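**Q** Here is what each chain is made of, one letter per residue.
2 protein chains.
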Amino acid sequence: MPKPGADMDPAQFRAAAHRVADLLADYLEGVERYPVLPKIQPGAVRAQLPAQAPAQGESIDAILDDYQALIEPNVTHWNHPGFLAYFAITGSGPGILGEALAAGLNVNAMLWRTSPAAVELEETVCDWLRGLLELPASFKGHINDTASISTLVALAAARHRADPAVREKGLAGRGDLQALRVYCSDQAHSSVDKAAIALGFGVENVVRVKSDADFRMDANALGKAIAADRAAGRRPIAVVATAGTTVTTSVDPLRAAAELCAREKLWLHVDAAYAGSAAICPEFRKLLDGLEAADSIVVNPHKWLFTPVDCSVLLAREPGALRAAFALVPEYLKTSEAATNLMDYGVQLGRRFRALKLWMVLRHFGAEGLRERIREHVRLAGLFKAWIEADARFECAAPVPFSTVCFRAVPKGKPEAQDAFNEKLVNEVNAAGPVFLSSTKLRGRTILRLAVGNLRTEERHVRRAFDLLCEAYARLA
Amino acid sequence: MPKPGADMDPAQFRAAAHRVADLLADYLEGVERYPVLPKIQPGAVRAQLPAQAPAQGESIDAILDDYQALIEPNVTHWNHPGFLAYFAITGSGPGILGEALAAGLNVNAMLWRTSPAAVELEETVCDWLRGLLELPASFKGHINDTASISTLVALAAARHRADPAVREKGLAGRGDLQALRVYCSDQAHSSVDKAAIALGFGVENVVRVKSDADFRMDANALGKAIAADRAAGRRPIAVVATAGTTVTTSVDPLRAAAELCAREKLWLHVDAAYAGSAAICPEFRKLLDGLEAADSIVVNPHKWLFTPVDCSVLLAREPGALRAAFALVPEYLKTSEAATNLMDYGVQLGRRFRALKLWMVLRHFGAEGLRERIREHVRLAGLFKAWIEADARFECAAPVPFSTVCFRAVPKGKPEAQDAFNEKLVNEVNAAGPVFLSSTKLRGRTILRLAVGNLRTEERHVRRAFDLLCEAYARLA
Chain A
80 MPKPGADMDP AQFRAAAHRV ADLLADYLEG VERYPVLPKI QPGAVRAQLP AQAPAQGESI
140 DAILDDYQAL IEPNVTHWNH PGFLAYFAIT GSGPGILGEA LAAGLNVNAM LWRTSPAAVE
200 LEETVCDWLR GLLELPASFK GHINDTASIS TLVALAAARH RADPAVREKG LAGRGDLQAL
260 RVYCSDQAHS SVDKAAIALG FGVENVVRVK SDADFRMDAN ALGKAIAADR AAGRRPIAVV
320 ATAGTTVTTS VDPLRAAAEL CAREKLWLHV DAAYAGSAAI CPEFRKLLDG LEAADSIVVN
380 PHKWLFTPVD CSVLLAREPG ALRAAFALVP EYLKTSEAAT NLMDYGVQLG RRFRALKLWM
440 VLRHFGAEGL RERIREHVRL AGLFKAWIEA DARFECAAPV PFSTVCFRAV PKGKPEAQDA
500 FNEKLVNEVN AAGPVFLSST KLRGRTILRL AVGNLRTEER HVRRAFDLLC EAYARLA
Chain B
80 MPKPGADMDP AQFRAAAHRV ADLLADYLEG VERYPVLPKI QPGAVRAQLP AQAPAQGESI
140 DAILDDYQAL IEPNVTHWNH PGFLAYFAIT GSGPGILGEA LAAGLNVNAM LWRTSPAAVE
200 LEETVCDWLR GLLELPASFK GHINDTASIS TLVALAAARH RADPAVREKG LAGRGDLQAL
260 RVYCSDQAHS SVDKAAIALG FGVENVVRVK SDADFRMDAN ALGKAIAADR AAGRRPIAVV
320 ATAGTTVTTS VDPLRAAAEL CAREKLWLHV DAAYAGSAAI CPEFRKLLDG LEAADSIVVN
380 PHKWLFTPVD CSVLLAREPG ALRAAFALVP EYLKTSEAAT NLMDYGVQLG RRFRALKLWM
440 VLRHFGAEGL RERIREHVRL AGLFKAWIEA DARFECAAPV PFSTVCFRAV PKGKPEAQDA
500 FNEKLVNEVN AAGPVFLSST KLRGRTILRL AVGNLRTEER HVRRAFDLLC EAYARLA
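Chains as they are written, first to last, in the numbering used here: chain A, 80 to 556; chain B, 80 to 556.
I should point out that these hints are in silico values taken from the structure, not numbers from a laboratory. Since the model is a prediction, treat every value here as computed from it, not as a measurement. It is possible that part of the hints are untrue.
Which copy is meant is left open, so a pair is good if it fits within one copy or across any two.
As the list claims (entries may be wrong) - The calculated PhoX-like cross-link candidates involving lysine-lysine, where the alpha carbons are at most 20 Å apart (straight line), are:
no.: 1; residue 1: K520; residue 2: K493
no.: 2; residue 1: K520; residue 2: K289
no.: 3; residue 1: K413; residue 2: K118
Bound-form chain A, shown alone:
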């Protein structure tokens, strides 16, 4: 039992930390003993928790026992090699250890003074990533929690460039302002809409440009939408192009978008949250041709660079533009050092030491190791695609540029019946336990997705997913 109000004493902490080391090692080594999705109903965990905080302290061993009994089995196992839904991710060993060390230091990297090593390591790892993406040295980065925030910050900078008075005067009640328009494809992520809500653009002013047969933004349609808006007295400010859209991982024509943005003086933000990781391989970097002409780029190492959530890198060609939009230094945070204060580049004042885990991941794997694993994931997705294409019961629903396969079962029947069949199919497969696939709508039709992104995913997991699909198909057909 702890002394009231005291932290664990050093010996207790050391013992508990070693128990946690084993809990983590056991979990990662044995994660496949769990179904990916816990077989519970909403409220099941809550029902086992007291309604109020305990009045008296409890021993750390009792807490860790409850963690083992109640929490660990009842999460969805994102760190399971059979997690093939959404975008599959990994909390890799070095990343987990980096997160633990960062929690021990517990620094706030808002100012250089409040944590020199954290600020300089953040600048360094962002430079490393910039180098891996073959971007000019003018790009500088900082780390946000999520791409939702990175995109919001980028669009705030775009707004500031379009109308610097917004910072002081805002958007409302001004006769001199037209509606501010942002363009993205009909495949872009919902975070563009959320940013448009937050920033006061409004969802209606997010122009969803149609995508082509391969789900890439139609650059012609983009040009026309911008021209039509100008003619109608609206004010285009930014284009969000996506490198690796959320459903099909398609890549918008970045070069064409960049040329259009240069001509129209619009901010180009590239949402490369997913495919930016792949772009550390030269063969995939080619698919992102024009990336270097963007004003800002978001890449999420927590998506496909094996870094635990959260870690979203926002790279800006003119970082001063972010600073101009946001910097606001109250008296109590003024310091005399000639150093970068990263709080000036975004919304959040408090900044966790996220660079540490990314540094440890990049060093553990090395650039070649990361490339090798990304290529292996792409190879596994290619295998699955080939199995789908070779089987008349299934078809691919989109090209597969990276490690995500969109597909569907095509039993005989009307589209609605096929859609319902696919919903049943994915539920059956997911109920089995060893794998988790996601489903969604693509141009109105239900499709299934298999995304390879976990470090421990091997060919046998992807094969298992295919076998389970075939078995479920046979049962349902």
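Put chain B on the given structure of chain A with help from the hints.
**A** Same frame as chain A, but now just chain B:
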């Protein structure tokens, strides 16, 4: 040397995790061997890091060696008991272990389905906190990274309540919209201004109401400011009252603000990021009389509830108001369960499992343990205040409701000379190593701050700070 592209193998990971357990235990046990502020110049860390990511992977032991040699000594030691600057915080033992476990699970708590235990634990610990604050059961919470985001989300909900069309149409180019006004005191945190920038209100439309002699918002002046704005055709939408302002920890008159907001139909957001923690003690809860009438309240357990950064709880009286402002569910995230999907209540889609560490902290200490420690911190601040008041060379600069003392040296001389003396004084004290105090301006005058918030801070640390101040005073006078 790791196999290219592979994570550590289980035995490697286990060994490294045990090494990290010892690194953490050694750090926490021996943190006082470091000066709180590292004695380095900007660029010193960076100069020792390669300009590019390594091509080949490196062993985890080499990485951890570098962590020990280069990173750990060169951070500002927020987890040091002599850290008495800004608001002092603690990454406590159970919190650090919770963060490590969360990184191992690596779940995303955006939807119930994507991590049932994480979502239900988040709801539960927010309810626990709500209970500790004696708030009605209608308040529900969710955890954000920072108070900057919690306040942004709250003000977005306020905006939505004032004009639901903003979500779709935005703020710009609309003839029907007046300037949207937000009120806070001249002592409120800069995050209100940052939210106003982001949300498109504009910094000019943050009305800084003057504070009284005790640095509390003047409710009369607030009422007049609102009336004047209405008369001038502007649109008041929200008041941000602060419970524990950043410089002096003053508490705005919440009851009066709530009554005014009810009458004027304005959203009341209470920034209790700091003092909300103290309010788990009945005697401090009394200072926050009226808190229960707020529309939203932000409390940061990473400030004074011994939880590692980041962890900011936003409690809303009508959580549906946050949902109405932000919910936006794309097809690929639609699920069939009747469960709470926490991504609907804010900007970020990705949501780290922050509830785990908070749960472990609340259980380890228990409510009584937390209260005991908070009272001890307040007692220590009271001692320091008494020493300052008893010494003619110093004076207090503000009342001390909690654990933060604002004070200054008062050598004979003009105000400018006194200010310069205080700047020199704090630099001398901080250069010594064992303690770190901050300085700022308060109503134009330089003041120093001593904030007690670290779990391991004892009377001897506070005494040391006072002794160092006296010694430096003698040298400089």
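**Q** When no copy is named, should K413 and K118 be tagged within, between, both, or neither for a Cα gap of at most 20 Å?
**A** between (52 Å within a copy, 19 Å between copies)
**Q** For the identical chains here, do K520 and K493 meet the 20 Å Cα criterion within one copy, between copies, both, or neither?
**A** within (16 Å within a copy, 72 Å between copies)
**Q** At most 20 Å between C-alpha atoms: does K520 with K289 qualify within a copy, between copies, both, or neither?
**A** Intra 16 Å, inter 54 Å, cutoff 20 Å: intra-copy only.
The structure agrees with every numbered hint stated previously.
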